[in-house]
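J.: If you want the building blocks of each chain, they are given just below.
There are 2 protein chains.
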Amino acid sequence: MDIKDKRIAVLSPVAWRTPPRAYGAWETVASNITEGLVARGWKNVTLFATKDSQTKAKLVGFVERGYEEDKNQIPLVSTVLHIGKVMERAGEFDLIHSNFDYIPLTYLPLIKTPMLTTIHGFSDPDILRVYRDHKDAYYVSISDSDRDAELPYVATVYNGIDLSNITFRDKPGDKLVFLGRIHRDKGTHLAIETAKKCGMDLLIAGIIQDQQYFDDFVKPGIDGNKIQYIGPVNPVQRDALLKEAYAVIHLNTIPERFGLVMAESMAAGVPVIAMDLGSCREVIADKQTGYLVKDTDQAAEAVGKIEKIDRRKCRRHVEANFTIDKMVEGYEKVYAEIFRREALKKQTTA
Amino acid sequence: MDIKDKRIAVLSPVAWRTPPRAYGAWETVASNITEGLVARGWKNVTLFATKDSQTKAKLVGFVERGYEEDKNQIPLVSTVLHIGKVMERAGEFDLIHSNFDYIPLTYLPLIKTPMLTTIHGFSDPDILRVYRDHKDAYYVSISDSDRDAELPYVATVYNGIDLSNITFRDKPGDKLVFLGRIHRDKGTHLAIETAKKCGMDLLIAGIIQDQQYFDDFVKPGIDGNKIQYIGPVNPVQRDALLKEAYAVIHLNTIPERFGLVMAESMAAGVPVIAMDLGSCREVIADKQTGYLVKDTDQAAEAVGKIEKIDRRKCRRHVEANFTIDKMVEGYEKVYAEIFRREALKKQTTA
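Which chain is which? The protein sequence lines are A and B, in order.
Taken in order, the first sequence gives residues 3 to 352; the numbers are from our numbering.
Taken in order, the second sequence gives residues 3 to 352; the numbers are from our numbering.
Derived by calculation from the structure, the hints in this document are not laboratory data.
It should be emphasised that the depicted structure is a prediction, and the values quoted were computed from it without experimental measurement.
It cannot be assumed that every hint is accurate.
In silico SDA-like pairs for lysine to any residue, Cα to Cα no more than 25 Å straight-line [claimed, not checked]:
no., chain 1, residue 1, chain 2, residue 2
1, B, Lys348, A, Leu112
2, B, Lys87, A, Leu78
3, A, Lys114, A, Arg91
4, A, Lys58, A, Val238
5, B, Lys45, B, Asp96
6, B, Lys114, A, His136
7, B, Lys87, A, Tyr155
8, B, Lys137, A, Val79
For the chain A half of the interface with chain B, some residues (derived, Cβ under 7 Å), not all of them [said to hold, decoys possible]:
no., residue
9, Ile76
10, Val82
11, Gly86
12, Glu90
13, Ile105
14, Pro111
15, Leu112
16, Asp126
17, Asp128
18, Ile129
19, Val132
With the C-beta cut set under 10 Å, the calculated list includes, among others, these residues of chain A facing chain B [what the hints assert, rightly or not]:
no., residue
20, Leu107
21, Thr108
22, Leu110
23, Arg131
24, Asp135
Cβ atoms here follow ideal geometry from the backbone N, Cα and C, with glycine treated the same way.
With the rest of the complex left out, here is chain A (with noise of 0.2 Å):
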């Protein structure tokens, strides 16, 4: 039997649409997955998702739509639905992929079908209650460094990005891009710090997920001149700022999970400057398509090096290593993995 007939169940969240209109990190990632590997010629694949959702792929749904955007559903009540909808048919498919964080598990033990859970990050050290408690699944973290040291994972599968919507531009901007979630984690106020001490301007874009960190590190620094803050930035907006960037700075305070803003950055052209925390010195080739550091000295040192870098090498890093077909291509191998698993499994208890 070839590999690609055989019966995937897509498990994606129903906080939003997949893949969501505008916010939603697990949708796209769960959307990218479904729609690359019907784009590599896997024939029987059902994405689980609202009603409402859009795909290649045979869509079942049992929510109408993401509980996000419909403020009368009580989400557990959606989430509990969902996915005991997808558990209740598990018989049909040879493996269900979950994107859908740590519920799912609980479920395992009733049902045959593997399951393969991509662990998005993990949103409280609480939640490896549940992961710890199922070690006997198939995990794959999104980053060599997004790992707990008590889980077996099958594989690191970086996340892909859709390269049709960003434009690579070999000539460089003049002023250094925040861009990302404004918040502590993704050191926005180290930005500034960094723009300051190299005398450049900032263009700072994003949504502001902590308001009182906004108030009192941000907006201090803001002076609609040589720092601005232009707001959040679809991706049209956000391939038009990145045609400003002569770098863009990310100097997260704690360890990154994956760090899409750094291969999008990349994807056009633009090195990136990055704390050396977590997944960052996996995205990034140190002085190849960016640089690591470990404060703002250091990132104001590396402003000063930016032109080493080779913008077309940044683009080509990206096309190697975080296109959604290199993401499936990365799962495609998962997949084979578990399922000779899975065949021996069978063989033993035979």
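The hints should help you fit chain B onto chain A, whose structure is shown.
T.: Chain B in isolation, oriented as in the chain A frame:
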């Protein structure tokens, strides 16, 4: 096989210890069912609850302490771990009796053991999506009035109370009493209105669940003399309070689901004047153990007729209908009916 040899799993929530140290209505009922079954000679009862729970049955737990008593836990993590573990062991039981709301139902299609769910109340209309999706499940309502028209119920089983905590007194006190959560739903303000209309003293006891409501509608009525608020009461304090009671005023503004306070009052020999909404007319025998009314005028009028009520009859009404033993007797009939239907199903499919 004696039905009392059947293996029963009682599923309690994990918000609090079972039985709870103070609050915890569902944990209280789950405990009463478990201990009641043991007292009536059931030999294979297992209580699934927090590890620090107390029972004469077999205790199985996966969560150290109630998540309301240990704020390091994410409630949902403990909830799904607990439920998942029970389901994983479903094969060890002849019946699972769930007192833990709607989430366990989503595991039901994956197990072979029948499950009975006591619906302790619909916290939000949206949770009906899950109940209605499992119309093949077994349901018990806690009053005939607290039913959803679309759901099939095996029976109504009224909650039972522990009579050993409540002293019967034939001699009436000289005050009106309000007992229960201070909340608009419970009509604390209407109790004040009634007391003023008939010029009697009123003692108000219970936790303040809605501070705004208390400040706006209750506090202005309290004069510290004729109308007093004495705070929450434990069982011993409640017993002392009921000694003072000429009647209990229970003018709920939304349909009552069951009404534990009414049963407790009557057990002490205290007649109840209650709003004719929801289960009140099931718990109170109108004109026998209290009066059902439609407004505070009727309530004030009913106060004038309290001496017509035989207080011994109030106690006997509770003894006949609302004890733990009566409740467990009710559940025994339900269990027998479930086993009968399950046996029939097996015959049909065999």
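J.: Compare the structure with each hint and give your call.
T.: Here is how each hint holds up against the structure:
1. Proposed proximity of Lys348 (chain B) and Leu112 (chain A) is supported: the alpha carbons are some 21 Å apart, at most 25 Å.
2. About 19 Å separates the Cα atoms of Lys87 (chain B) and Leu78 (chain A), which keeps this hinted pair within 25 Å; it holds.
3. Taking the CA atoms of Lys114 (chain A) and Arg91 (chain A), the gap is about 11 Å. The hint holds against a cut of 25 Å.
4. Of the pairs offered as hints, the one joining Lys58 (chain A) and Val238 (chain A) holds, with about 24 Å between alpha carbons and a cut-off of 25 Å not exceeded.
5. Distance hint between Lys45 (chain B) and Asp96 (chain B) is fulfilled; the C-alpha atoms sit about 13 Å from each other, no more than 25 Å.
6. Pair hint Lys114 (chain B) plus His136 (chain A) holds up; C-alpha atoms about 22 Å apart against a cutoff of 25 Å.
7. Among the hinted pairs, Lys87 (chain B) with Tyr155 (chain A) is consistent with the structure: their alpha-carbon atoms are about 23 Å apart, no more than 25 Å.
8. At roughly 16 Å between alpha-carbon atoms, Lys137 (chain B) and Val79 (chain A) fall within 25 Å of each other, so this suggested pair holds.
9. With its C-beta approaching chain B no nearer than about 5 Å, Ile76 (chain A) sits inside the 7 Å limit, and its interface hint holds.
10. Here the hint on Val82 (chain A) is kept, as its CB sits about 5 Å from the closest CB of chain B, short of 7 Å.
11. Taking 7 Å as the C-beta contact cut-off toward chain B, the hint placing Gly86 (chain A) at the interface holds, the least distance being around 3 Å.
12. Taking 7 Å as the C-beta cut-off, the interface hint given for Glu90 (chain A) holds, the closest approach to chain B being about 4 Å.
13. For Ile105 (chain A), the shortest C-beta to C-beta distance to chain B is roughly 5 Å, which falls under 7 Å, so the interface hint holds.
14. Interface restraint check for Pro111 (chain A): the shortest CB-CB distance to chain B comes to about 4 Å, inside 7 Å, so the restraint holds.
15. Checking Leu112 (chain A) against chain B: minimum C-beta separation of about 4 Å stays under 7 Å; hint holds.
16. Given hint, Asp126 (chain A) at the interface with chain B, holds; its Cβ is 6 Å from that chain's nearest Cβ, closer than 7 Å.
17. The interface hint given for Asp128 (chain A) is met, as the beta carbon of that residue sits about 5 Å from the closest beta carbon of chain B, less than 7 Å.
18. For Ile129 (chain A), the interface hint holds, the least distance from its beta-carbon to any beta-carbon of chain B being 6 Å, beneath 7 Å.
19. Restraint check, Val132 (chain A) versus chain B: the minimum CB separation of about 6 Å is within 7 Å; hint holds.
20. Contact between Leu107 (chain A) and chain B, as hinted, is supported at the beta carbon level, the nearest pair being about 8 Å apart and thus within 10 Å.
21. Nearest Cβ of chain B to the Cβ of Thr108 (chain A): about 3 Å, under the 10 Å cut. The hint holds.
22. With a least beta-carbon distance of about 8 Å to chain B, the hint placing Leu110 (chain A) at the interface is held under the 10 Å criterion.
23. This hint holds: Arg131 (chain A) has a C-beta 6 Å from the nearest C-beta of chain B, less than the 10 Å allowed.
24. Using the Cβ-Cβ criterion of 10 Å, the hint placing Asp135 (chain A) at the interface with chain B is satisfied: the shortest such distance is roughly 6 Å.
No hint from the list above goes unmet by this structure.
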